[in-house]
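For the protein sequence lines, the chains are A and B, in the order given. Each step along the first sequence adds one to the number in my numbering, with nothing skipped, and position 255 is 255. Each step along the second sequence adds one to the number in my numbering, with nothing skipped, and position 224 is 224.
FYI, nobody ran anything at the bench for these hints, they're computed from the structure.
No copy labels: a pair is met if it fits in one copy or bridges any two.
Below are the BS3-like pairs computed for lysine-lysine, each with C-alpha atoms no more than 27 Å apart in a straight line:
#	residue 1	residue 2
1	K48	K334
2	K346	K48
3	K24	K134
4	K134	K25
5	K146	K25
6	K366	K154
7	K366	K2
8	K346	K334
9	K146	K48
10	K25	K154
Number of protein chains: 2
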Amino acid sequence: MKEIRGGITAPLGFLAAGIHVGIKKASVPDLALVVSLQEGPIAGVFTKNRVAAAPVLLDRLHLRQRIGRAIIINSGNANACTGAMGLTDAEEMAGLVARGVGTAPHSVFVGSTGVIGQPLPMACLRRGIPTLVKRLRRSGGAEAAKAILTTDTKAKQVALRTRIAGRRVTVGGMAKGSGMIHPDLATMLAYLTTDAAIQQRTLQRALLAAVTRSFNCISIDGDTSTNDTVLCLANGMAGAPVLRAGSPEFALFQRLLDHACFSLAMQVCRDGEGVTKVVEVVVTGARTQANARQVAKTIATSNLVKTALFGEDANWGRIMAAIGRSGVRIDPNKLELAFEGIPIVKEGTSLGSLAERRIARIMRRKEFTVTVHLGQGQAAARLWTTDLSYDYVRINATYRS
Amino acid sequence: MKEIRGGITAPLGFLAAGIHVGIKKASVPDLALVVSLQEGPIAGVFTKNRVAAAPVLLDRLHLRQRIGRAIIINSGNANACTGAMGLTDAEEMAGLVARGVGTAPHSVFVGSTGVIGQPLPMACLRRGIPTLVKRLRRSGGAEAAKAILTTDTKAKQVALRTRIAGRRVTVGGMAKGSGMIHPDLATMLAYLTTDAAIQQRTLQRALLAAVTRSFNCISIDGDTSTNDTVLCLANGMAGAPVLRAGSPEFALFQRLLDHACFSLAMQVCRDGEGVTKVVEVVVTGARTQANARQVAKTIATSNLVKTALFGEDANWGRIMAAIGRSGVRIDPNKLELAFEGIPIVKEGTSLGSLAERRIARIMRRKEFTVTVHLGQGQAAARLWTTDLSYDYVRINATYRS
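For reference, chain A alone in the conformation it holds in the complex (with noise of 0.2 Å):
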């Protein structure tokens, strides 16, 4: 497995482009599309939130017909409380693209990000489509990826290559997001294309795992937006054989899809609101894996512990009573604590000022891991969260000034 340049449309038969039509007021990359040459299947993960926006209601509808052929996404609205006028609204988006590239409605996919509760500018986009679509390319995946950003700083793109039964097989990717990060998705649009020929059903299968294993482990700031979506289309153009679940090729995809959302999310943890530090919260020895996830959960989400990364103050105590106040029946004279393998907790208790010491320096690093040992069984978990600084109350305070 190799990485590769090109992002979405690093993979055979996908075009893409990015451009402003007038929904952001600042001219500024607004409207995304992604285009296969060639219908395919399609597996989509949409937010857990009960007010999902529009688009997402809108794609669930159309993953039922299994079949991708394009992807329009824009950014600085988020099409979400906007009742039975925003549905109508992605529709026509659907529509639109539609007919510009020539397929069914429902092979159309709709992402929107941004302010809530604002009505979608449609003359924008009816303006806005037809430009977009005579504009697709080849090498339209870097602009495209900009065209999704809110309050990101970075365009956050992935391309990985390896070899399936002699053939050269692609996983590309792009993805937004950096506030209301959360495990359960996260105000987080990632989309990913690859010219590996699979079944819907083996694909859907395929993105669940590998989207537990990276998007659903890293918290920002413990909310979860209405419009979470990763979507992942397949048109099969690298000519290898259909993979089979379970397979030995199908592994070689299975792990190139996994690096590729892993690659993204981290992208997003680094790029998160605000964020100084990519911290890897680790608890092992718990009796379940729920035990394992809820404690790294409230140590993640935790603003005390959040505040001190930030402040680089070896406060363990704060992970401590995190730890206590989880929910889960820990014993605290079992605890042990430890920052890049450094232990500075053991049976519940300091090690004293020289561990802690040590510990302070390791809290200078710009990524580094906590880990935390329950001593009651085998069961672990992990999560990446992020400091919480002056930045992130400046950008969430000031969001829509």
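Using the hints provided, position chain B relative to the given structure of chain A.
Quick look at chain B alone, frame taken from chain A:
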């Protein structure tokens, strides 16, 4: 019922004092003592955090005897995650007070607040406690209230009086708390005294009811500390007859206690770390009270909602997103949202920019109410939350520096 001066020493027969003994580096009071002339029933409510501090473990043990005479509280060190030595130290604190005031060690209760994981400087306490005992006096409530503070900017006191069966009965109290504030207690210590005559079992029930309606309804940062404690000591010295549960006289006392706890809880909220606003979150029309509380809690702890409050941004979409991810099976199309009674969302969609401008004006206030109607049933809940400001991050990033 009327508010009077005097704080924790307002009820008859209570003395207090607060001095600097050297637990804190700065020369500010760090040790408080409250003593009743007569011993009496004491009630307690403690943190649910499984990593409970040594003083909490000791107080739970002493509470089995149901009798209290004195409460000693230090600030600057939480005596948490300090293992067996921490418990020995807490016991010694109680013993030193018991010797000083001439009572059994099990009728002395201990509270600690401050940094986690460092041993208590017992030399300071051994030197300080005898001095503190000598300083006990009726007018000592204010200095005791000061000596229990950490990042608090203001002392928190209350004293309320009513007439029960022809006698003046008084409840006094003091509290500390400004971070780690969340339902099911907070890094919050609250001590109440009364000269009412009441059995311990009745007092315990009354205190639990008052705490449920006050301290358990405020959230500053979603964290629950290792040290949370609320104690209420009753010495019966007002001369009124013993209060019987269910009697009209008991109802008067419950009201006194409710108001005292609520006053202290609101003082804690307003003095929350970096707080510029206190917002009441009311959820109505839920199927069950647990559902209503769950929705209110998700809104009250969302960093995106809290930064929008700080930025005075009428970004109600973030409240909708919080409702949607609360885990409660809501129907998005039935949601209603109002600020100070002014509706902004009906049937899940926006009422437009005029309503939004009115909401924006309300958000400039220091205190206001947000009401969510779920349209599913009759149950309701309410919580108080605060905004998330630059100062919250500053205070918590630099806490130990």
